[in-house]
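Participant: In case you want the letters, here they are:
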Amino acid sequence: MNSLINLQGEIALVTGASRGIGRSIAEMLGKAGATVIGTATSDKGADAITAYLSEAGIAGKGMVLNVADKESIESVVKAVTGEFGTVSVLVNNAGITRDNLLMRMKDEEWDDIITTNLTSVYRMSKACLRGMTKAKKGRIISISSVVGASGNPGQTNYAAAKAGLVGFSKSLAREIGSRSITVNVVAPGFIDTDMTRELSEEQRNHLLQNIPLSRLGQPSEIAGAVLFLASSLGAYVTGETIHVNGGMYMA
Amino acid sequence: MSDIEKRVKKIVVEQLGVDEAEVKNSSSFIDDLGADSLDTVELVMALEEEFGAEIPDEAAEKITTVQAAIDYITAAQG
Numbered sequence: 001m002n003s004l005i006n007l008q009g010e011i012a013l014v015t016g017a018s019r020g021i022g023r024s025i026a027e028m029l030g031k032a033g034a035t036v037i038g039t040a041t042s043d044k045g046a047d048a049i050t051a052y053l054s055e056a057g058i059a060g061k062g063m064v065l066n067v068a069d070k071e072s073i074e075s076v077v078k079a080v081t082g083e084f085g086t087v088s089v090l091v092n093n094a095g096i097t098r099d100n101l102l103m104r105m106k107d108e109e110w111d112d113i114i115t116t117n118l119t120s121v122y123r124m125s126k127a128c129l130r131g132m133t134k135a136k137k138g139r140i141i142s143i144s145s146v147v148g149a150s151g152n153p154g155q156t157n158y159a160a161a162k163a164g165l166v167g168f169s170k171s172l173a174r175e176i177g178s179r180s181i182t183v184n185v186v187a188p189g190f191i192d193t194d195m196t197r198e199l200s201e202e203q204r205n206h207l208l209q210n211i212p213l214s215r216l217g218q219p220s221e222i223a224g225a226v227l228f229l230a231s232s233l234g235a236y237v238t239g240e241t242i243h244v245n246g247g248m249y250m251a
Numbered sequence: 252m253s254d255i256e257k258r259v260k261k262i263v264v265e266q267l268g269v270d271e272a273e274v275k276n277s278s279s280f281i282d283d284l285g286a287d288s289l290d291t292v293e294l295v296m297a298l299e300e301e302f303g304a305e306i307p308d309e310a311a312e313k314i315t316t317v318q319a320a321i322d323y324i325t326a327a328q329g
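For the record, the sequence lines run as chains A and B. Per my numbering, the first sequence starts with residue 1, numbered consecutively. Per my numbering, the second sequence starts with residue 252, numbered consecutively.
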């Protein structure tokens with residue numbers, strides 16, 4: 001790892017870190033020197049995180065966290081602070097989809113998405129802010145999506161939550177900028193993960209036609225943007241959304 | 252000066268980065284000591300930690316002066 005980027009001494013909390021983009025972020029922050037706590041919804045997921053972190057020689061561990069549950073968030077942040085210290089880099093990555101056309105969408109499908117993808121970010125940020133304001137430094141990075149900016153049929157709920165993260169982050173960036181805490185968003189396009197492997201061959205081909213770089217992105221290409229924002233190189237960037245989508249959508 | 256008064260003033264000095272001599276009982280955090288709204292939130296959090304007390308939001312909103320903080324803590328500890 002380039003010595004320009006050094007996260008030694010930072011405590012990074014990455015939600016949804018058992019696979020895909022979250023795992024790549026956890027590994028990259030860890031390789032840059034941060035202590036990483038990755039969360040998953042199950043014991044199995046948390047154990048898998050602990051295993052890949054230790055295999056890569058990264059300090060930290062996996063923990064079980066349900067981001068839709070207020071008490072779970074409070075107890076995990078408290079446990080992390082007690083065991084490792086104040087969280088200095090929070091990466092809100094955990095997210096789900098419940099796609100449906102609006103006319104068929106059920107209230108649960110709407111509520112699940114808002115709770116897991118948006119309310120969780122409010123709660124996680126609030127839980128970590130006490131320590132960050134005291135330390136007068138911190139990074140809050142939330143993973144949005146290109147569809148929050150471009151829209152996508154079948155994803156009114158998901159797009160609303162993902163766009164919501166942008167307004168949330170801009171407002172919070174203004175509130176706590178005076179404490180040297182930055183709040184930013186990374187908006188991935190179509191990335192090669194389990195979430196996009198569910199697409200049909202036809203959907204995939206159609207998508208690729210609209211991506212100037214003619215390929216899906218890799219999780220590490222999202223992690224790279226997160227690493228930049230988490231490091232001192234990104235210190236003067238706040239309230240911003242970095243689009244990483246191969247040119248599919250140019251904001 | 253009571254023990255509570257001393258500790259409250261010490262925290263005000265630390266949190267707001269003001270001179271000890273400036274901190275009078277009648278001082279308003281925002282009008283006299285240059286605090287902004289975020290400073291007052293942090294100040295209440297620091298008081299909570301110092302005195303091991305939980306200060307509810309409704310009460311926190313009323314703690315706008317040094318004396319109000321002393322009074323609240325005194326009552327809470329009593």
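To be clear, the hints were calculated from the coordinates, so they are not data collected in a lab. Be aware that a few hints might be false.
Listed below are the simulated DSS-like cross-link pairs for lysine-lysine, each with C-alpha atoms no more than 25 Å apart in a straight line [said to hold, decoys possible]:
| no. | chain 1 | residue 1 | chain 2 | residue 2 |
| --- | --- | --- | --- | --- |
| 1 | B | K313 | A | K61 |
| 2 | A | K134 | A | K106 |
| 3 | A | K70 | A | K134 |
| 4 | A | K136 | A | K126 |
| 5 | A | K136 | B | K261 |
| 6 | A | K137 | B | K275 |
| 7 | B | K261 | A | K70 |
| 8 | B | K257 | B | K275 |
| 9 | B | K313 | A | K126 |
| 10 | A | K134 | B | K261 |
| 11 | B | K260 | A | K134 |
Participant: Each hint should be assessed against the structure and marked as holding or not.
Facilitator: Status of the hints after comparison with the structure:
1. B/K313 <-> A/K61: 42 Å, violated
2. A/K134 <-> A/K106: Violated, at about 42 Å.
3. A/K70 <-> A/K134: 22 Å, holds
4. A/K136 <-> A/K126: Distance of about 15 Å is within 25 Å: holds.
5. A/K136 <-> B/K261: OK: A/K136 and B/K261 at ~19 Å, within 25 Å.
6. A/K137 <-> B/K275: The given pair, whose Cα atoms are some 30 Å apart, is violated under the 25 Å limit.
7. B/K261 <-> A/K70: 34 Å, violated
8. B/K257 <-> B/K275: 11 Å, holds
9. B/K313 <-> A/K126: 22 Å, holds
10. A/K134 <-> B/K261: 16 Å, holds
11. B/K260 <-> A/K134: 18 Å, holds
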